[in-house]
Each structure stands twice: as C-alpha cells, then as structure tokens.
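Colleague: If you want the building blocks of each chain, they are given just below.
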Amino acid sequence: MTIDFSRDKPIYSQLVDRICGDILKGKLVLGDRLPSVREYAVETGVNVNTVQRVYKELEAMNITETKRGQGTFITTDDGRIALLREDMKNQLADHFLTSIEALGFSKDEMLVVLQNKS
Amino acid sequence: MLQLSNVSFRYMKKPILQDVSFSIPVGQIIGLVGENGSGKSTLLKVLAGLLRPTSGEVLLNGTSVTRRSADEIAYLPDIDLFFDFYTGEQLFQHYASQFEDFSYDKACIVAEFLQVDKNVKLRQLSKGNRGRMKMAATLGREVPFYLMDEPFSGLDPIVREQLIKGLIQFTDIEHQTILLSTHELYEVEPILDQIILLQNGSIIAQEEVEMIRDVSNKEAVQWMKAFYKKG
Chain Z
1 MTIDFSRDKP
11 IYSQLVDRIC
21 GDILKGKLVL
31 GDRLPSVREY
41 AVETGVNVNT
51 VQRVYKELEA
61 MNITETKRGQ
71 GTFITTDDGR
81 IALLREDMKN
91 QLADHFLTSI
101 EALGFSKDEM
111 LVVLQNKS
Chain U
1 MLQLSNVSFR
11 YMKKPILQDV
21 SFSIPVGQII
31 GLVGENGSGK
41 STLLKVLAGL
51 LRPTSGEVLL
61 NGTSVTRRSA
71 DEIAYLPDID
81 LFFDFYTGEQ
91 LFQHYASQFE
101 DFSYDKACIV
111 AEFLQVDKNV
121 KLRQLSKGNR
131 GRMKMAATLG
141 REVPFYLMDE
151 PFSGLDPIVR
161 EQLIKGLIQF
171 TDIEHQTILL
181 STHELYEVEP
191 ILDQIILLQN
201 GSIIAQEEVE
211 MIRDVSNKEA
221 VQWMKAFYKK
231 G
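Chains Z and U supply the protein sequences, listed in that same order. Those letters in the first sequence? Residues 1 to 118, per the working numbering, in order. Those letters in the second sequence? Residues 1 to 231, per the working numbering, in order.
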C-alpha cells in the first residue's frame with residue numbers, strides 16, 4: 001500500500017509521525033523489529049534516502065535502536081514511550097488550540113463541546 | 001558523476017536546449033519536469049550520448065559522453081513500440097547480447113515482480129504491460145546511471161504504482177542514480193530526491209523535494225506551478 005502524504009510537510013517527518021502513531025496504537029510493540037530500509041521504502045512507495053532519514057531521526061529521538069547486523073528495533077524503554085505519549089498529546093492539543101483560536105472559539109466553550117461528545 | 005556544462009542543442013536552427021549546466025551525483029533519484037516541448041527528451045538523449053550537443057560538453061566521470069558510454073548508462077526510451085516483434089524473453093536475450101552488464105535473471109525477477117508474462121510478444125501486450133516489460137529490461141542492467149524518458153506516461157495508476165515500487169526495489173541508491181522525466185509529479189514526488197524544472201530548453205529551477213516542503217510548506221506540484229505563474 002502506498003501512502004497519501006499531506007502536501008505541506010516533509011515526507012520524512014510524516015513517516016516519523018506514522019511510526020510513532022503505530023507504537024502508540026500498539027500496532028508496533030516494544031522491542032519489535034522494524035522492516036529494513038528498503039522493505040519499508042517499497043511498502044510506503046518512498047525513496048530509500050528518505051526512509052534512511054526517518055530511521056536516523058527515530059534513533060536520534062531514542063525511539064529505536066539499531067543493532068549491528070540485526071536491524072532496527074523499537075526501544076524496550078517504556079519510559080521513553082510514555083514520554084512520546086505525552087509529547088503527542090501535547091502536540092495534538094497545541095494544534096487544536098491554534099485551530100480554534102483561528103476561528104475565534106474560546107477554550108472553555110470548546111471544553112463543553114468536548115465533554116458532551118461521546 | 002554525469003555533468004553537463006553549457007550544453008546547447010539546436011535542431012534545424014531551432015534552439016531546443018539553451019546553455020544547460022548541471023551535475024548529477026551518484027545516489028539520487030532525480031525528476032526532470034516541464035511542459036511538453038520544454039526539452040526533457042532531448043536533454044536525456046544528450047546525456048545518454050544519443051545526440052551530440054551543438055555546443056557545450058557532457059562529461060561522464062570526467063570524459064566526454066559518446067554512444068560508447070552506454071556501458072555505464074541505461075536509457076529507457078519513451079516510444080511505446082519497441083522491439084515489438086520480440087517476446088519479453090527474446091527482448092531480454094537481445095539486451096544480454098548488447099550489454100555486458102545485463103543480468104537475464106534480474107530482468108526475469110523484475111518481470112515477475114511487475115507481473116508481466118515474458119512469453120508473449122510485446123506487440124500483443126497491453127500498453128501497461130509493455131511499459132512493465134520496458135522497465136524490466138532497463139532494470140535488468142546493472143549500471144551507475146539510469147535515464148528514463150517518461151517511464152509512467154499513459155499508464156494507469158496501478159501500473160504506475162507498481163513501476164515506482166519496482167524502481168525502489170531493484171535499484172541500489174547508494175551506487176546508482178536515476179534521472180527520469182515525468183508529468184506525474186504528484187505521484188512520483190515521494191521517490192524523488194530532487195527536481196529539475198525545464199522551461200523552453202533552460203533549467204529554471206533545481207531543488208531538493210524535502211527542502212521544498214520544509215521551507216515553503218508546499219508540495220512539488222504547487223512549487224512548480226508557482227514558476228509558471230511568474231513566467
């Protein structure tokens with residue numbers, strides 16, 4: 001399956017978000033092995049150089065670790081993943097706040113709406 | 001490294017390429033885009049040594065490109081009917097007889113990956129299948145440079161996606177470079193490292209795809225259109 005990328009963000013960062021999302025959703029589990037760079041490139045329909053950058057980025061974020069000759073694995077450090085969870089929540093909240101501000105809604109007003117949503 | 005310096009090409013006094021200079025490093029996939037008639041095909045033929053520039057120079061690792069450079073450059077022509085009297089298998093045998101670097105086995109593996117039957121005559125294949133066969137024959141060669149003239153044109157989205165995946169699967173971007181011309185920029189963008197934009201035979205822009213998104217928050221198609229508005 002090839003992915004439809006959004007238009008305004010670098011592709012590598014969209015893939016980083018995607019893998020982080022898969023970890024949070026539990027689609028990828030701590031200690032899981034990621035596909036090789038080429039496998040992931042073919043799967044997503046993206047340049048190998050871009051995937052290399054994605055893997056480098058994830059490693060710099062300490063979300064993955066590379067074991068020589070064995071491949072790239074999701075970290076087994078659950079503290080790091082808890083942190084990722086918090087980061088993602090904050091990012092989402094910031095994004096939401098910017099959007100409602102742009103439309104002139106107040107935070108309190110939106111809180112009521114959120115609470116009434118099932 | 002493939003390098004063009006101040007290359008111009010005229011056909012019957014009509015300028016097709018005008019003072020084009022750029023170099024193609026090893027290890028990238030580069031998209032050549034621009035309107036019909038902007039000189040993309042001519043540029044690829046000049047790079048492949050199939051046309052001699054009227055002025056300027058094309059250098060491959062420091063020496064002038066000629067038809068002999070074919071042992072380092074694989075060229076995929078945009079013509080649809082190409083060796084149409086051969087079956088895929090015969091086409092591969094023909095390639096094997098012409099190019100020392102051609103791997104019959106690799107071509108068969110690519111053909112299988114692209115799900116095209118190598119026992120059928122090319123003329124009896126659908127256009128999509130001929131496109132697949134052409135790609136299999138081209139990728140069967142092991143060369144530092146692949147020059148592809150409109151490898152996706154006129155093909156349906158499913159074939160295009162398959163060819164794109166084939167390109168990723170069967171090239172080694174650490175040691176190989178692909179320069180391809182295309183009008184399907186939206187679909188091809190995710191596999192490109194950089195884009196070269198041609199207009200009226202001149203390069204008007206050359207940029208890395210991720211830079212375009214990072215700096216201008218635009219995808220490549222919008223970026224390209226902005227140049228036409230200006231022009």
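Mixed in with the good hints, there may be bad ones.
[Unchecked claim] Computed list of lysine to aspartate or glutamate pairs in DMTMM-like fashion (alpha-carbon distance at most 25 Å, straight line):
| hint | chain 1 | residue 1 | chain 2 | residue 2 |
| --- | --- | --- | --- | --- |
| 1 | Z | K67 | U | D172 |
| 2 | U | K165 | Z | D108 |
| 3 | U | K218 | Z | D8 |
| 4 | U | K225 | U | D172 |
| 5 | Z | K9 | U | D193 |
| 6 | Z | K56 | U | E210 |
| 7 | Z | K9 | U | E219 |
| 8 | U | K218 | Z | D108 |
| 9 | U | K165 | Z | E101 |
Everything labelled a hint here was simulated from the structure, so no lab data went into it.
Colleague: Decide, hint by hint, whether the structure agrees.
Modeller: Right, here's what the structure says about each hint:
| no. | hint | result |
| --- | --- | --- |
| 1 | K67(Z) - D172(U) | holds (22 Å) |
| 2 | K165(U) - D108(Z) | violated (49 Å) |
| 3 | K218(U) - D8(Z) | holds (5 Å) |
| 4 | K225(U) - D172(U) | violated (31 Å) |
| 5 | K9(Z) - D193(U) | holds (15 Å) |
| 6 | K56(Z) - E210(U) | holds (15 Å) |
| 7 | K9(Z) - E219(U) | holds (8 Å) |
| 8 | K218(U) - D108(Z) | violated (34 Å) |
| 9 | K165(U) - E101(Z) | violated (42 Å) |
In summary, the structure is inconsistent with hints 2, 4, 8 and 9 from the numbered list given earlier, while agreeing with the others.
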